[in-house]
Amino acid sequence: MSWLMVAIIVAATTLGDYLQTVSMKRHGEIRDFRPGALGRAGAALGRNWMILGSIFLMAVSFFAFLTLLSIADLSFAVPATALIAVTETMVSRWFLNERVNWKRWVGAGLVTCGVALLSL
Amino acid sequence: MRERLRLKTWVFVAIVVLANVLGNFFMSWGVRRHSTLVGGSAVEYLRVMADPRVAFGISLLIVWLLSRMAMLSWADLSYVAPVTAIGYVLNALMGRAFLGERVSGARWAGTLLIVAGVALVGSTSIRTTVPEAGPE
Numbered sequence: 031m032s033w034l035m036v037a038i039i040v041a042a043t044t045l046g047d048y049l050q051t052v053s054m055k056r057h058g059e060i061r062d063f064r065p066g067a068l069g070r071a072g073a074a075l076g077r078n079w080m081i082l083g084s085i086f087l088m089a090v091s092f093f094a095f096l097t098l099l100s101i102a103d104l105s106f107a108v109p110a111t112a113l114i115a116v117t118e119t120m121v122s123r124w125f126l127n128e129r130v131n132w133k134r135w136v137g138a139g140l141v142t143c144g145v146a147l148l149s150l
Numbered sequence: 023m024r025e026r027l028r029l030k031t032w033v034f035v036a037i038v039v040l041a042n043v044l045g046n047f048f049m050s051w052g053v054r055r056h057s058t059l060v061g062g063s064a065v066e067y068l069r070v071m072a073d074p075r076v077a078f079g080i081s082l083l084i085v086w087l088l089s090r091m092a093m094l095s096w097a098d099l100s101y102v103a104p105v106t107a108i109g110y111v112l113n114a115l116m117g118r119a120f121l122g123e124r125v126s127g128a129r130w131a132g133t134l135l136i137v138a139g140v141a142l143v144g145s146t147s148i149r150t151t152v153p154e155a156g157p158e
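Just so you know, the protein sequences line up as chains A and B, in that order. With positions in the first sequence counted from 1, the corresponding number in the numbering used here is that position plus 30. With positions in the second sequence counted from 1, the corresponding number in the numbering used here is that position plus 22.
The following block holds chain B by itself, in its conformation from the complex (with noise of 0.2 Å):
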């Protein structure tokens, strides 16, 4: 029981973690496609999220905040914030993979930092509260 819990709350972490990074990467690819959004109209706003990249960004992030309200369901939130933590990680890879950004040793430091944390976290149990209400 404590074994399925703990791989279903894995599974989610892969999927919040994967869509907060992919969403914000499409986001923000989309958004540089286009001049400046600060103190624009919201039909400025409308055109740049009609952008097929920021569409598709915005819909990850859909995904991303109904995956985590899902596992809060089940899970501690003093779990969940800084075990999902690690996308700062993959968000700052992905930097270094596809936008050419030079990765420093204060970065690699403050990522080793982040993985520890989770790490430390990850190994703590995933329910500490008796549940409110019966299974949905």
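Okay, chain A solo, but in the shape it has when bound (with noise of 0.2 Å):
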């Protein structure tokens, strides 16, 4: 059950930010940052269903975050999760097309080894 949760986890965060991130670039970098270009900004991105996509796979991994933490220890549910850092790596270089050398690499492991400490 608990790997089933971080399964989910690991899986409805790294296709919700790739959703993010499509979109994101589609729709251009934010430049203006006044209240009123930030609404209209807002009322684009709110049609668009990747968005919307995004933000329901985040609640996802909310949830089974919540759930996770019902049955298992904080100490294995943070280490577990910080896989994320490699799977969203891994998504950048073979579908975003991001040109990921071996600084990201090696930074995106250290970051994920890091977090496992930091749980102990």
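Hints were generated in silico from the structure; no laboratory data involved. We put the beta carbon where it would ideally sit given N, CA and C, even for glycine. Please note that a few of the clues may not be correct.
If we take Cβ atoms under 7 Å as the criterion, some of the chain A residues that face chain B in the derived model are [as the list claims (entries may be wrong)]:
#1 H57
#2 T117
#3 T119
#4 K133
Assemble the dimeric complex from its two separately framed chains, guided by the hints.
Structure (structure tokens):
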């Protein structure tokens, strides 16, 4: 059950961030931070199914994490879900076509190991 | 131009990390004042969410979500995800400072690894893909 929750959290967060990245890149760089411009950007993004899908997936991840915390120790939950740094780097490389050099791979690995140690 | 983007990115990294760390802190502070939520009804969840600390925590997490989305409009996901992980370190430091938690040698080692990982990813280009649309 615990590993099922970890799988749901990692998959939902990674897919949610993938959808969010694709839709925000299509929207274009946000440069105007005045309230009116932000409101217009928010209205446009609020009609985007990928943004809505990503928010739904984040909610799935949030409630799966709460469930995981109710059946497993925090010292298991936090490092297990830190795998997200690695899965998102893989998605960035293979599905978002980002140039992931050795620094990013090693950096994501160090962050994952660091989070694992932090929760001991 | 590149310096402007880097400055904007680091300002947003600070907003994303602080909103996340403080949001989680206020959420857990507020939730701990109530009885356990596991198996609770929807009314119990709503009652807990009406707690001012929890409501403030949720507001900060909304700021976290929106500022992270804004960042993804110009920065790579493989840059944003590891760099904002510095929040794990701040969470541990806040636990030590405000909740009196002990920070073991393993935790300090974990902190160093995260800082090294963030520094390594932070030294790479913020964006490696071509923007698909014009600026908003």
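- request: Could you check the structure against the hints above and give me the numbers of any it violates, in ascending order?
  value: Violated hint (a single one): 2; every other hint is consistent with the structure.
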